[in-house]
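Could you put the whole structure together from the sequences, leaning on the hints where they help?
There are 4 protein chains.
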Amino acid sequence: MVLTMERKAMEIFENHESQVRSYSRSFPTVFEKAKGYKMWDTTGKEYIDFFAGAGALNYGHNNEKVKKKIIEYIQEDGIAHSLDMGTVVRAKFLERFTEVILQPRNLNYKVMFPGPTGTNTVESALKIARKVTGRQTIISFTNAFHGMTLGSLSITGNSTVRQGAGVPLTNTVAMPYDTFMQDHHSIEYLERFLEDAGSGVDLPAAIILETVQGEGGINAASFEWLQAIEKLCHRYDMLLIIDDVQAGCGRTGTFFSFEPAGITPDIVCLSKSISGYGLPLAITLIKPEYDIWAPGEHNGTFRGNNMAILAATEVLSYWETDVFAKSVQEKSKMIKARMEKIVENYPELQATTRGRGFMQGIACGKGKETYGSEICAKAFEKGLIIETSGPDSEVVKFLGSLTIDEAGLDKGFDILEEAIQEVLNK
Amino acid sequence: MVLTMERKAMEIFENHESQVRSYSRSFPTVFEKAKGYKMWDTTGKEYIDFFAGAGALNYGHNNEKVKKKIIEYIQEDGIAHSLDMGTVVRAKFLERFTEVILQPRNLNYKVMFPGPTGTNTVESALKIARKVTGRQTIISFTNAFHGMTLGSLSITGNSTVRQGAGVPLTNTVAMPYDTFMQDHHSIEYLERFLEDAGSGVDLPAAIILETVQGEGGINAASFEWLQAIEKLCHRYDMLLIIDDVQAGCGRTGTFFSFEPAGITPDIVCLSKSISGYGLPLAITLIKPEYDIWAPGEHNGTFRGNNMAILAATEVLSYWETDVFAKSVQEKSKMIKARMEKIVENYPELQATTRGRGFMQGIACGKGKETYGSEICAKAFEKGLIIETSGPDSEVVKFLGSLTIDEAGLDKGFDILEEAIQEVLNK
Amino acid sequence: MVLTMERKAMEIFENHESQVRSYSRSFPTVFEKAKGYKMWDTTGKEYIDFFAGAGALNYGHNNEKVKKKIIEYIQEDGIAHSLDMGTVVRAKFLERFTEVILQPRNLNYKVMFPGPTGTNTVESALKIARKVTGRQTIISFTNAFHGMTLGSLSITGNSTVRQGAGVPLTNTVAMPYDTFMQDHHSIEYLERFLEDAGSGVDLPAAIILETVQGEGGINAASFEWLQAIEKLCHRYDMLLIIDDVQAGCGRTGTFFSFEPAGITPDIVCLSKSISGYGLPLAITLIKPEYDIWAPGEHNGTFRGNNMAILAATEVLSYWETDVFAKSVQEKSKMIKARMEKIVENYPELQATTRGRGFMQGIACGKGKETYGSEICAKAFEKGLIIETSGPDSEVVKFLGSLTIDEAGLDKGFDILEEAIQEVLNK
Amino acid sequence: MVLTMERKAMEIFENHESQVRSYSRSFPTVFEKAKGYKMWDTTGKEYIDFFAGAGALNYGHNNEKVKKKIIEYIQEDGIAHSLDMGTVVRAKFLERFTEVILQPRNLNYKVMFPGPTGTNTVESALKIARKVTGRQTIISFTNAFHGMTLGSLSITGNSTVRQGAGVPLTNTVAMPYDTFMQDHHSIEYLERFLEDAGSGVDLPAAIILETVQGEGGINAASFEWLQAIEKLCHRYDMLLIIDDVQAGCGRTGTFFSFEPAGITPDIVCLSKSISGYGLPLAITLIKPEYDIWAPGEHNGTFRGNNMAILAATEVLSYWETDVFAKSVQEKSKMIKARMEKIVENYPELQATTRGRGFMQGIACGKGKETYGSEICAKAFEKGLIIETSGPDSEVVKFLGSLTIDEAGLDKGFDILEEAIQEVLNK
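Residue numbers (full-length UniProt numbering), protein chains in the order written: chain A, 1 to 426; chain B, 1 to 426; chain C, 1 to 426; chain D, 1 to 426.
Hints may be right or wrong, so weigh each one.
When chains are identical, the list treats them as one kind, so a pair holds in a single copy or across two.
What the hints assert, rightly or not - BS3-like mimics (lysine-lysine), calculated; alpha carbons at most 25 Å apart, straight line:
hint, residue 1, residue 2
1, K336, K69
2, K68, K35
3, K67, K92
4, K67, K382
5, K69, K35
6, K38, K69
7, K382, K287
8, K8, K110
9, K45, K131
10, K45, K231
11, K67, K33
12, K67, K35
13, K333, K411
14, K326, K45
15, K35, K92
In case anyone wonders, no lab produced these hints; they're calculated from the structure.
Structure, rendered in structure tokens:
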């Protein structure tokens with residue numbers, strides 16, 4: 001009978017939902033319940049989650065502390081939806097975010113609520129950078145992923161989704177990311193284009209980048225590279241925008257992914273795990289001197305999703321001391337170790353490891369790219385939710401929640417190894 | 001002490017939130033609680049809500065039926081966030097939406113979850129229309145409002161937000177809306193541009209429109225005009241996209257705003273009240289023959305917001321019979337009557353009434369545009385939340401929740417009249 | 001043997017020239033000699049020329065006065081090519097043009113040599129208008145023709161040549177020309193789009209127009225319409241650009257086509273007959289206050305074609321008194337009379353007359369469009385060179401040289417009537 | 001009295017010509033006569049010409065052979081202007097060009113007459129490449145110069161002229177030219193961008209390049225680089241366009257500049273010296289399989305400038321044997337030798353030599369860029385016309401006519417050396 005429900009649901013998706021659906025194809029089941037790093041489908045099968053809602057569930061599924069607060073709030077008829085009207089929840093978040101996150105890091109930003117999605121914070125960042133500088137061009141990087149609406153898509157690298165635009169994507173220039181060329185001379189290249197008045201690249205309003213490229217292949221920029229980019233931004237009076245939608249909120253081991261590089265972006269984009277319960281929320285952080293918006297110049301109906309803001313306030317408690325960050329950093333080492341052993345144990349993959357923190361991947365080598373998808377499919381059969389990344393889906397990407405314990409990590413990686421073995425023995 | 005809290009919150013907004021905030025300026029207080037058609041601020045002051053979250057709260061604040069379901073779901077650790085993976089909640093919504101909404105109206109659409117905001121459904125509609133036709137141009141209308149991301153913004157009329165883009169907005173052509181010219185010859189005009197191969201308007205992929213323009217001044221298109229547009233779309237093989245983000249979900253008295261016109265759009269955009277609890281959700285309805293998406297060609301982290309989908313499923317019960325729709329239609333007449341009386345009673349405004357259903361407005365006449373903002377500001381002081389609309393904020397716009405009762409309507413309109421009197425006697 | 005030469009040349013065109021050639025298809029012969037309003041092909045066949053090099057030969061083929069001067073100049077090794085270096089020829093032209101053309105008309109313009117083609121003067125006009133205003137949008141009109149390079153093409157109406165761009169044409173808006181709508185309410189439309197801040201048409205840098213649309217169907221704007229456009233330009237601080245490439249240099253009976261309308265454009269584009277011998281030349285006239293070019297900001301190798309400038313100086317003698325203009329105006333009446341009689345005599349064409357001066361046409365009626373091409377083809381067989389115009393080639397267009405005599409006009413129109421009769425009797 | 005004429009002419013330029021003029025500022029005099037490699041101003045002063053009309057006078061000023069033919073043609077009332085109608089002159093050119101130029105080089109191209117300027121042939125090349133491939137993006141190179149109309153400008157590198165567009169320049173990507181990076185790894189960069197589906201550079205329609213960049217600094221690509229580019233074009237199914245407007249027509253020592261590299265472009269753009277008398281003409285050569293134009297899809301009034309075509313036919317005689325080419329190659333060595341000696345003799349310039357054939361330059365080193373303009377200004381005073389090139393005008397550029405004799409070269413270089421000495425001794 002349960003099986004019937006599963007089958008019926010699958011038919012409903014096939015008959016009534018658009019062909020655009022994707023994860024329901026990678027993970028072909030019907031989920032019903034979730035807690036921490038585990039999910040269960042309608043047949044009761046348990047899954048270890050190394051995907052964490054594409055990085056939107058850094059604090060695990062249905063985090064108990066947040067859950068309690070949300071239920072209370074709903075029960076008391078707290079304001080659910082208020083656009084950008086003043087609410088108690090909104091004030092508290094702004095206060096706490098400033099105290100817990102910004103001030104201890106010596107950061108001074110105005111907080112903008114641009115609409116509750118990653119693409120919305122990116123679009124708002126592009127707008128304000130163009131307004132501040134009066135210039136049009138934005139420099140982004142190879143294999144960047146910034147979103148699906150026309151502005152964000154124009155700075156996204158993937159050719160399939162770019163073509164989906166149906167119109168040319170303009171006013172942007174793609175430059176080589178730190179890891180794009182083997183010789184790592186990407187900074188010299190960028191510098192030449194900026195310094196030569198005849199280069200054909202118009203002086204940009206801003207440079208936007210992810211410190212670790214989540215969708216583009218778990219490419220992690222070196223701190224030196226990030227510092228060099230910041231220097232170029234200062235020299236040429238361009239704004240530096242860090243899209244920390246996936247790499248932020250602790251995923252790399254610090255709240256902001258750029259902290260260990262010692263740089264200070266002019267604009268920061270946050271979304272995914274900023275709410276911490278998988279509730280849609282995004283914020284854009286803007287240096288006060290650049291906060292020259294006219295009221296309502298960028299808006300959106302769901303920019304004031306109070307339940308999400310309430311959750312976002314609650315999870316700030318993880319960042320009051322450095323205990324949580326340190327635990328993430330510790331577990332990151334364990335993840336790296338397991339990945340390196342896999343690379344060593346399965347030379348057939350000709351793989352290498354990549355990334356940092358809770359954003360690491362095993363990149364299958366040239367000519368071995370298809371292993372990526374095969375391994376993830378096999379792992380799913382065995383009860384592990386894990387996704388690929390990269391232009392050829394060649395990277396097996398770990399993106400588990402930061403709250404996962406060692407047992408969970410072990411179990412997940414054990415399944416992953418089994419999957420690899422089976423794929424290779426096929 | 002409460003006053004202090006209010007003052008402190010206001011300071012927090014001023015110091016820590018971006019200058020972009022707008023409604024917190026129109027309604028300068030700090031809200032704490034809401035129920036049905038009422039809101040309360042931290043001082044305990046009660047407000048009648050004629051704004052309903054810009055149309056995202058058609059079923060009132062914190063609707064009891066939905067509230068119970070959400071709490072249960074959270075308590076049972078139902079899946080909160082799942083991108084577009086299969087979940088029980090998702091399957092149920094698709095099934096129920098088909099049964100309750102589509103089939104009784106003889107409509108056949110595939111449902112796409114494009115990301116949880118209005119602008120996201122619009123961007124997805126533009127993409128698929130361009131993909132289906134292989135053409136670039138989109139025709140939109142004067143005073144249209146479709147969203148703030150680059151694609152949606154390019155079909156939005158308002159010059160202030162357009163300028164916010166910081167880059168030229170391209171591949172779109174603005175045509176006169178039904179009510180734009182006094183002579184109402186907008187169809188002939190559009191037709192001439194399409195039929196003349198030398199007109200300079202390239203054959204478009206699609207025409208996108210709101211049947212009632214919510215932000216652009218509560219302009220309501222006649223049914224004849226909508227039918228003429230549909231005919232042009234068929235004749236010139238263009239897709240017809242109805243952006244029903246604000247006018248849909250019952251706001252005009254039927255579930256879809258285009259029902260009484262007897263037309264069948266190729267694509268329908270829904271958001272705002274589709275979830276019914278102010279939770280971020282959007283869906284794009286696409287005729288099956290046009291659902292030619294590649295998997296993942298348009299995506300977004302928060303496209304599977306299960307709490308919102310659960311709420312959306314629950315509020316479908318309002319549409320199982322025609323009782324609710326009829327009550328909305330009845331109350332609409334009352335709204336119209338009150339507005340017409342106001343127009344009559346205050347000839348100094350040189351006003352006219354506009355709109356249909358729960359989307360009606362009082363448009364102050366030429367030279368009297370500033371009364372719009374003054375009246376709304378005064379009404380707020382007196383405990384009524386009501387907003388302006390139109391290029392010069394000249395329209396006082398009623399956008400209350402559909403579940404408001406007659407007493408609520410009466411009380412709200414009484415306050416509005418008092419506000420008008422005071423403004424005029426100033 | 002002559003026939004063989006003809007045949008061989010035709011083969012050469014077919015085998016070695018690109019498929020893009022067009023007039024060699026409309027007029028399938030090989031021309032060898034020309035004088036005044038006559039041309040001869042290699043077989044010795046004589047043709048009356050009602051086409052005048054698409055309006056580049058206003059003073060007839062191989063005008064004797066100019067011819068003598070050019071030969072002298074070449075014989076004396078005068079500077080042929082000098083970019084924009086100072087030459088005697090250049091100085092004399094500037095001096096004479098100011099004295100003979102500008103001063104008597106109370107016009108004050110700086111003269112720019114933008115490269116020797118119509119499209120080049122138009123591109124230069126768009127650039128300076130955008131630089132002066134800091135805005136991007138240019139308003140052009142339905143059925144406009146301004147040129148084939150990307151900037152000019154973006155303000156050209158014809159869908160076939162627009163599609164040839166291979167990229168979307170942007171930053172332009174097409175508005176209805178005076179004659180586009182039957183009700184002639186085009187000014188009201190344009191005005192509404194400009195006055196309504198929500199119209200979706202961004203405030204333009206400039207309006208560009210032809211007073212008579214040569215390629216778009218010999219549509220002549222009324223003087224009232226031109227005056228209304230000028231007023232709108234002043235009210236909204238937009239520049240008014242008159243593209244007088246085809247209608248200027250006397251073609252409509254005055255040197256500038258806009259003189260009888262009493263308007264003063266901010267920028268005027270001249271080419272085609274400005275040199276008067278069919279030699280490539282173009283000039284852009286710019287009000288001194290808008291001449292804010294940086295040196296070399298627009299350039300081009302052939303902008304200083306001294307032979308053409310010499311010719312241009314020589315033909316100014318036609319404009320020293322009003323004798324020539326008056327003769328053109330007289331002959332224009334005769335042309336109109338002949339055309340009206342044709343319309344009357346051949347009701348099967350359901351035709352109407354159009355245009356003014358030496359730029360008039362017979363427009364075949366709805367459903368009769370194909371007659372246009374058939375008549376011109378038949379006329380060519382009979383020794384008359386005449387072309388069609390309009391989006392459906394429905395207009396038989398007279399564009400003879402201004403120096404043609406009455407006998408020439410008579411003979412040409414006689415051939416035209418014969419051709420019409422034969423086509424209708426077919 | 002002569003001096004007065006000079007002064008008066010200068011006043012006329014200042015008062016009546018646009019500020020956009022540039023060469024009349026570099027060479028502040030009024031020219032009257034020219035022959036071979038010499039020019040004279042109105043005061044009778046003689047100048048050696050190392051500029052040759054920016055490369056439009058490869059066969060010298062007022063070439064005797066051509067001069068005679070033109071005078072004859074004019075005297076006989078040959079067709080001056082005919083758009084693209086068939087003329088005897090046009091047929092003869094097509095025949096001769098095929099016989100003398102194309103066939104001996106095993107090249108098979110259709111000839112298009114796109115309008116008489118360099119920018120026009122470039123715009124036509126972009127259009128046909130986009131039409132053939134159905135793609136939009138064009139790859140051009142750093143410091144490229146292709147023209148001033150919107151399409152050509154979008155692939156031109158110089159930031160000042162780009163900004164002159166007044167709108168964003170789109171659908172193009174600038175890649176590093178062979179000489180742009182010190183490490184010469186530009187091919188690897190380009191290759192990575194093409195091979196990586198996530199690079200953010202959409203698959204281009206074509207690559208366009210100059211084999212020697214005339215305006216961008218006399219940068220000469222190596223033959224290996226050109227061959228590598230051709231290979232990439234084949235591998236990725238992109239068209240290869242060579243803009244040979246300045247480097248073609250013998251300037252580098254062979255008729256086409258790309259001959260010694262052994263590559264076969266899909267499209268070739270020619271202008272400047274194609275007519276050989278400084279008369280405006282341009283042609284686009286297109287492989288027959290790509291000549292898919294619709295008739296008239298690209299056009300232009302002056303595309304059939306018969307006097308220029310006649311001249312173009314006449315100068316083909318220089319290419320009937322290899323005598324002329326060899327003499328150019330011999331003299332090129334002498335030019336190189338003189339330049340290298342200058343570099344050696346004046347180490348203060350920290351200069352290097354660049355270029356090939358009759359397109360060579362002395363590039364002043366880092367920090368010494370301003371010497372370029374100073375030297376040219378001083379040389380002009382002393383009777384030598386020579387221009388700078390490069391993003392900072394740092395290159396002293398030799399661009400003399402190919403027919404100059406050794407005495408002329410010697411005299412010119414002697415003046416140049418004197419100028420350098422005086423500048424350095426200042």
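Hint-by-hint comparison with the structure:
Taking the closest pair of Cα atoms, K336 and K69 never come within 25 Å of each other, the shortest separation being 35 Å inside a single copy and 42 Å across copies. In this assembly of identical chains, the alpha carbons of K68 and K35 lie at most 25 Å apart whether taken from the same copy (14 Å) or from different copies (21 Å). Proximity of K67 and K92 under a CA criterion of 25 Å is satisfied in both settings, with 18 Å inside one chain copy and 23 Å between copies. Taking the shortest Cα distances, K67 and K382 never come within 25 Å of each other, neither inside one copy (29 Å) nor across copies (37 Å).
For the homomeric pair K69 and K35, the shortest alpha-carbon distances inside one copy (16 Å) and between copies (19 Å) are both at most 25 Å. For a Cα distance limit of 25 Å, the shortest separation of K38 from K69 qualifies both inside one copy, at 21 Å, and across copies, at 23 Å. Taking CA atoms no more than 25 Å apart as the test, K382 paired with K287 passes in neither setting, with 47 Å inside one copy and 37 Å between copies. Taking CA atoms no more than 25 Å apart as the test, K8 paired with K110 passes between copies only; the shortest distance there is 17 Å, against 48 Å inside one copy.
In this assembly of identical chains, the alpha carbons of K45 and K131 never lie at most 25 Å apart, being 52 Å within a copy and 39 Å across copies at closest. For a Cα distance limit of 25 Å, the shortest separation of K45 from K231 qualifies neither inside one copy, at 51 Å, nor across copies, at 52 Å. For a Cα distance limit of 25 Å, the shortest separation of K67 from K33 qualifies both inside one copy, at 14 Å, and across copies, at 19 Å. Taking CA atoms no more than 25 Å apart as the test, K67 paired with K35 passes in both settings, with 11 Å inside one copy and 22 Å between copies.
Taking identical chains as interchangeable, the C-alpha atoms of K333 and K411 lie at most 25 Å apart only when both belong to the same chain, with a minimum of 16 Å there against 64 Å between chains. Taking the closest pair of Cα atoms, K326 and K45 never come within 25 Å of each other, the shortest separation being 33 Å inside a single copy and 46 Å across copies. Taking identical chains as interchangeable, the C-alpha atoms of K35 and K92 lie at most 25 Å apart only when they sit on different chains, with a minimum of 21 Å there against 27 Å within one chain.
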